[in-house]
Amino acid sequence: MKISTFKRHVVESLKSLKRNGWMSVAALSAVTVTLLLVGILFSILMNVNKVASDIENDVQVRVLIDRGTNKKQEAKLKQNLAKLHSVSKIKFSSKEQELKNVIGSYGKEFKLFGGDDNPLNDVFVVSAKKPEQTVTIAKEAKKMKHVYDAKYGGASAKKLFNIVDNIQKWGIAISLLLLFVAVFLISNTIRITILSRKNEISIMRLVGATNGFIRWPFILEGAWTGLFGAIIPIIIVDLGYVWLYGIISNSLASTGYSLLTPSVFLFQIDTLLILIGIVIGAIGSGISMRRFLRI
Amino acid sequence: MKISTFKRHVVESLKSLKRNGWMSVAALSAVTVTLLLVGILFSILMNVNKVASDIENDVQVRVLIDRGTNKKQEAKLKQNLAKLHSVSKIKFSSKEQELKNVIGSYGKEFKLFGGDDNPLNDVFVVSAKKPEQTVTIAKEAKKMKHVYDAKYGGASAKKLFNIVDNIQKWGIAISLLLLFVAVFLISNTIRITILSRKNEISIMRLVGATNGFIRWPFILEGAWTGLFGAIIPIIIVDLGYVWLYGIISNSLASTGYSLLTPSVFLFQIDTLLILIGIVIGAIGSGISMRRFLRI
Amino acid sequence: MIEFKHVFKKYPNEVLAANDFNVKIRQGEFIYVIGPSGAGKSTFIKMMYREERPTSGEIKVNDYELQKIKNSEIPFLRRELGIVFQDFKLLPKLTIFENVAYALQVIEKDPETIATRVNYVLDLVGLKHKVDAFPNELSGGEQQRISIARAIANKPEVVIADEPTGNLDPDTAAGIMEILERINSEGTTVVMATHNSQIVDQYKHRVLEIEDGKIVRDQTEGGFFQDED
Amino acid sequence: MIEFKHVFKKYPNEVLAANDFNVKIRQGEFIYVIGPSGAGKSTFIKMMYREERPTSGEIKVNDYELQKIKNSEIPFLRRELGIVFQDFKLLPKLTIFENVAYALQVIEKDPETIATRVNYVLDLVGLKHKVDAFPNELSGGEQQRISIARAIANKPEVVIADEPTGNLDPDTAAGIMEILERINSEGTTVVMATHNSQIVDQYKHRVLEIEDGKIVRDQTEGGFFQDED
Ligand SMILES: Nc1ncnc2c1ncn2[C@@H]1O[C@H](COP(=O)(O)OP(=O)(O)OP(=O)(O)O)[C@@H](O)[C@H]1O
Ligand SMILES: Nc1ncnc2c1ncn2[C@@H]1O[C@H](COP(=O)(O)OP(=O)(O)OP(=O)(O)O)[C@@H](O)[C@H]1O
Ligand SMILES: [Mg+2]
Ligand SMILES: [Mg+2]
Chain A
2 MKISTFKRHV VESLKSLKRN GWMSVAALSA VTVTLLLVGI LFSILMNVNK VASDIENDVQ
62 VRVLIDRGTN KKQEAKLKQN LAKLHSVSKI KFSSKEQELK NVIGSYGKEF KLFGGDDNPL
122 NDVFVVSAKK PEQTVTIAKE AKKMKHVYDA KYGGASAKKL FNIVDNIQKW GIAISLLLLF
182 VAVFLISNTI RITILSRKNE ISIMRLVGAT NGFIRWPFIL EGAWTGLFGA IIPIIIVDLG
242 YVWLYGIISN SLASTGYSLL TPSVFLFQID TLLILIGIVI GAIGSGISMR RFLRI
Chain B
2 MKISTFKRHV VESLKSLKRN GWMSVAALSA VTVTLLLVGI LFSILMNVNK VASDIENDVQ
62 VRVLIDRGTN KKQEAKLKQN LAKLHSVSKI KFSSKEQELK NVIGSYGKEF KLFGGDDNPL
122 NDVFVVSAKK PEQTVTIAKE AKKMKHVYDA KYGGASAKKL FNIVDNIQKW GIAISLLLLF
182 VAVFLISNTI RITILSRKNE ISIMRLVGAT NGFIRWPFIL EGAWTGLFGA IIPIIIVDLG
242 YVWLYGIISN SLASTGYSLL TPSVFLFQID TLLILIGIVI GAIGSGISMR RFLRI
Chain C
122 MIEFKHVFKK YPNEVLAAND FNVKIRQGEF IYVIGPSGAG KSTFIKMMYR EERPTSGEIK
182 VNDYELQKIK NSEIPFLRRE LGIVFQDFKL LPKLTIFENV AYALQVIEKD PETIATRVNY
242 VLDLVGLKHK VDAFPNELSG GEQQRISIAR AIANKPEVVI ADEPTGNLDP DTAAGIMEIL
302 ERINSEGTTV VMATHNSQIV DQYKHRVLEI EDGKIVRDQT EGGFFQDED
Chain D
122 MIEFKHVFKK YPNEVLAAND FNVKIRQGEF IYVIGPSGAG KSTFIKMMYR EERPTSGEIK
182 VNDYELQKIK NSEIPFLRRE LGIVFQDFKL LPKLTIFENV AYALQVIEKD PETIATRVNY
242 VLDLVGLKHK VDAFPNELSG GEQQRISIAR AIANKPEVVI ADEPTGNLDP DTAAGIMEIL
302 ERINSEGTTV VMATHNSQIV DQYKHRVLEI EDGKIVRDQT EGGFFQDED
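Residue numbers (the numbering used here), protein chains in the order written: chain A, 2 to 296; chain B, 2 to 296; chain C, 122 to 350; chain D, 122 to 350.
Incorrect hints may appear among the rest.
Unchecked claim - Within a straight-line C-alpha distance of at most 27 Å, the following computed DSSO-like cross-link-like pairs (lysine-lysine) qualify: (1) C/Lys-214 - B/Lys-19; (2) B/Lys-16 - C/Lys-230; (3) A/Lys-152 - B/Lys-96; (4) B/Lys-3 - C/Lys-191; (5) A/Lys-152 - A/Lys-79; (6) A/Lys-143 - B/Lys-101; (7) B/Lys-72 - B/Lys-90; (8) B/Lys-96 - A/Lys-96; (9) A/Lys-140 - B/Lys-101; (10) A/Lys-112 - B/Lys-143.
As the list claims (entries may be wrong) - Computed footprint of chain A on chain D, listed as stretches where at least three residues anywhere in the stretch have a Cβ under 8 Å from a Cβ of chain A: (11) 190 to 198; (12) 204 to 210; (13) 213 to 223; (14) 229 to 235.
If you are wondering where the hints come from, they were derived from the structure by calculation, not from laboratory data.
Virtual Cβ for every residue (Gly too), placed ideally from N, Cα, C.
Only chain A is shown next, with the shape it has when bound in the complex:
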C-alpha cells in the first residue's frame, strides 16, 4: 500500500465517522455504555477479589507460648518463627490481652481468673504469606522449643477459604461472561452499522476497489469508534474509583484490608477498556465486511 493511500484511508475513516452522523453517534454510545458497564463491574469484581484474598490472607496461626518462658526465650522463639520463609507477620499478645478477649466474648465471670489465676498463655499471632501455608507453619511451630501449642482456626478457617474461593470463582465467571458480552455487543453494533452500508460497499466494488482498499477505512472507523467510545467510560471509572477509594479505604483502614491502589489498577483497567474498544471495533468491522466482499 502506498503511503498516500494509507493516509487516504485514515482521512476517509474519520470523514465517514463524521458523515454517518446519528449512526456513528449510536454506535459510539453503544460502545460507551458497554465499556462503562465493563469498567464499573470489573472494578467492583477485582476489588471484591482483592478484599476476599486479603481476608483469606488474614487467617493466622496462634502459637501458644509455654508458661514460664522468659523474655529472652520468647525473643528467640520469635526469631525462629520469623525464619520460616512463609511467615509474613508476627504479633505478640499477652495472656492478659487474651483473657480480655475471652471476657469480651463470654462474659464477666471470667474476670475471676485475672492475675495469677489466668489459665491462658501468652501468644504469638503469626500471619502466613499465603493462606495455604498456615497448616505448615502450625506444624513447624509445634516442633519449636517453648511452644505449648499452635492452632490455626481449623474447620472455621477451611470454611472461610471455601467461601473466598467461591467468591473468586464466581468473580472470574462473571468477568468472563462480561467480557464475552462486551465483545459481542460491540462487534454486533459495528456489524449493524456496516450492514446498513451494504449498498455503499457494493458500489465500491463495482467501481474497481479491491477488498483491501474497501476494508481499511471500515476497519479504521471501527477502531476509532472503539477508541472514542472508551473515553467517557475511562473518565467516569477513573474519577469514580478515586472518589470511592478515598471513602472506602478509610472505613476499611481499621480492618487491615485494602482496595487496589488507584494508580496501578486504573492504568490496567484503562488499558483494558481501550484495548477492548479498539481491537473489537476493528476486528468486528473487518469480520462483518467479509460477507459483502465475496461477490
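We have chain A already, so just place chains B, C and D with the ligands on it with the hints.
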C-alpha cells in the same frame, strides 16, 4: 384504526422482521445477549442479597439464665420469651455446651473449669424475626425474671449488619446500572436498525402514510425483536438456575441459609426479561422513529 | 387546482432553484414541465407535494395552502396527489404488489378492493406477471412503471410525474402516455416533467419551460402567452 | 475486446434474460444496445463487468475469461472498464469530487494527478461548480452526468454506459454524446444501452437489438447482418 389495518400492521411487522434478514438477526442477538447478561447477573445479585439477609437474620440474642434457676422456671422463661412477637426461634444451650465452645476457641486449659467450677450460665439462644429487633428482644429479656444478662453480639453484630447493608446497597446500585445499560443497549440497537431504514420511512411518508400508520409496524417489530430476544436468555437462565440451585442448596443446607426458590424466582425474572424486551423494543422503536417523522 | 404565487426556493447551498414562480394549473389540465438538466423542474414538482418547502411565496394545491399546512395534514395532501418520482422511490423490501398496495393501505381500503385495484393498474402498465418480484429484481423501466402504477392506484385528483418515461423505450413510453391521456380525459390533472421532446411534440399540451430556476415560457398548445399573476 | 459465446442467463425467478447471446465487440467499436423495457439490455451489460454471472456460456472481456476469473481479479477487470450505471450508483456520503476521485484512488494514483483529472472530467460534463455537493443535492440529470464523469475518469479501454442520457434533456444529451464520440475516436470501445431513438439515428453506429432475452438484430451502420458465431 380499522381491524383490517391493525391486522395488516401485525402481518407487516413480522414480514419486515423476516425480510430484514441479517439486520434482524443482529438486532435479535444484541437483545438476546443483553438480556442474558441481565438474567444471569440479576439471578446472582438477588441470591447474594437473599443469603446476605439470611445471614443478617441469623444474628441471635443470648439470654443468660440465672444460676440456680430450676427446670420449671426455665420453661416459664422460655414461654415468656416466645411471647415476644418478634421472636422466631429459641434454642437452649446448657453451660456445659457453652464451656465446650470456650474450650474450642481458647484452649484446653478451660477444662479445669468443668463440672461445678463452670463459671458459665445456661443460655437461651433467641433468634429475631428481623435483625433490627434483636436490640429490643435483648432489652425485654433483661427485664424478665431469672435472666442474668441478655447479649446480642454488640459491636460484631453491628459490623455484620453494616457489611450486609453494604452488600445490599451495592447490589441495588449494580442492578440499577445493569437495567439502565440493558434499556439503553436494546433501544440503541433498535434505533440503529431504524436509522438504517430512514429511506424507507421517507418513502412511506411521500406516498401518503400518516405517522401512526408508519409507526405501528415498526413498534410491533421492535416488540417482536424484544420478545424473541428474551427466549434464549429465559431458557438459559431457567435451566442454569435449576441446575445450580440443586448444587448450591445442598452445600448451603448445613448453614441454614437458602437461595431463592426456583418456582417463584424464575417466574419473576422471566417476566422481567420479557417485559424489558417487549417494552424497550417497542418504545425504543417508537422513539427512534420520531426523528424521521417530522418532515 | 395548483397555484404558485411569487415562489422562491433557495437551497441551503445557495442554489436558487425557483426564482419567482407564478403558475396556475387548473383542475383537469395537462401540463408539461420542460427545461435543461438542473433547471428546477423537480424542485417545482417537489414543492407541490411538500417534499421541499419554498423559501418564500404561496403555494396552493387543491384546498391546501402549503405555507400554512400542519405536518399532520401533509399525508392527506399527498393522498390527493399521485406522484411518480424521478428516482422511483419503491420500497425495497416490499414486493411489487405490496408496493402498489401500500398507497391504498394508507387510506385503509379493505383488502379485497386493494387486490382488485392493484392487479388492475399493474396490468395497465404491463407488469401483472411481476407481482411477486422485489424492486431489485426488476429492470429500470419496469421499476419506473411500478412507480407509475402506484401513482394512479388510488385515482388521485392530480398526477404529478417527474420524468416518467426516462427509462422507457419509445413504445412503452407511448403506452404510458396513453394511460396519462386517458386519466386526464377523465378529469385528472396531470403535471409531467419530461425531457422527451418527441412526446411533447406528439401529445400536445400546455408547456411550462424552466431554465436556471426561472420560468421562461408558459405556452398553451400551439401558442405563446406570458404567465399572468 | 468483448466476446459472448452461447451465453445464457436465467435469474433465480426463472426469467430468461439472455438466451444464447453470441456477440463480438472489437476494440474501438461503438455499439448501441437497444430494445424494449425488460428486454435484457442491462443484464447483457452487467455480465460484462461481472455484476451478474451467466448461467452458462463464455464471456471474454479484454484478456479476462469471466467464467474462469477469480474473485480477487474482478476489481482489476473493472478498472479496465468505465461503467455508467442505469441507477447512477453514486456513493451517498461522498461529495461529487470524492465520488469521481474514488475511481482513481482505487488505482492508487497520487493525489495531485487525481485532483487535476477529476476537475477535468467534471468540467467536461459541465458540473465543475458542483464539486462539493453531495449526490442527494443534485438533480437527476446532474447525478447521471457525475456517473458518466466517474466512468471516463481513469481513461478506461472500454466504456459501458447503461442508459446514460435517460435523465438528460436533448441538448445536454448531445453534449454527452460528443464526449463519448470523442473518446471513441481516440480508441476507446463504447457500449451504450439506450432508448433514445433520436441519438441512435443521429450518431450512426452498430446497433444490437435485444427483445425478450434474445438478440434479434445486430446491424452495422446502414445495414443488417446476422451475428456470426
Ligand atoms: N437538496 C438539494 N440541495 C441543494 N441543491 C439542490 C438540491 N436539490 C436540487 N438542487 C439543485 O437545484 C437545481 C435544480 O434541481 P432540480 O432537481 O429541480 O433540477 P431538474 O430540473 O429536475 O433537473 P433534472 O432534469 O436533471 O432532473 C440544481 O442545480 C440542483 O443541483
Ligand atoms: N436481479 C434480478 N432478479 C430477477 N429478475 C431480474 C433481475 N434483474 C432483471 N431481471 C429481469 O430480467 C429481465 C431483463 O432485465 P434487464 O434489467 O436486463 O432489462 P433492460 O433491458 O435493461 O430493461 P430496461 O430498459 O427497463 O432497463 C426483466 O424481465 C427483469 O425483470
Ligand atoms: Mg429532476
Ligand atoms: Mg436496464
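For each hint, the structure was consulted:
1. C/Lys-214 - B/Lys-19: holds (10 Å)
2. B/Lys-16 - C/Lys-230: holds (20 Å)
3. A/Lys-152 - B/Lys-96: holds (24 Å)
4. B/Lys-3 - C/Lys-191: OK: B/Lys-3 and C/Lys-191 at ~24 Å, within 27 Å.
5. A/Lys-152 - A/Lys-79: Satisfied, since the Cα-Cα distance of roughly 16 Å is no more than 27 Å.
6. A/Lys-143 - B/Lys-101: holds (23 Å)
7. B/Lys-72 - B/Lys-90: With a Cα-Cα distance of about 19 Å, the restraint between B/Lys-72 and B/Lys-90 holds, given a limit of 27 Å.
8. B/Lys-96 - A/Lys-96: holds (24 Å)
9. A/Lys-140 - B/Lys-101: Since the Cα atoms of A/Lys-140 and B/Lys-101 sit roughly 24 Å apart, the hinted pair holds (cutoff 27 Å).
10. A/Lys-112 - B/Lys-143: Answer holds: A/Lys-112 to B/Lys-143 is near 21 Å, not above 27 Å.
11. 190 to 198: Per the Cβ count (5), the hint holds.
12. 204 to 210: holds (count 3)
13. 213 to 223: holds (count 3)
14. 229 to 235: As far as the region 229 to 235 of chain D goes, the hint holds, because 3 residues have Cβ atoms under 8 Å from chain A.
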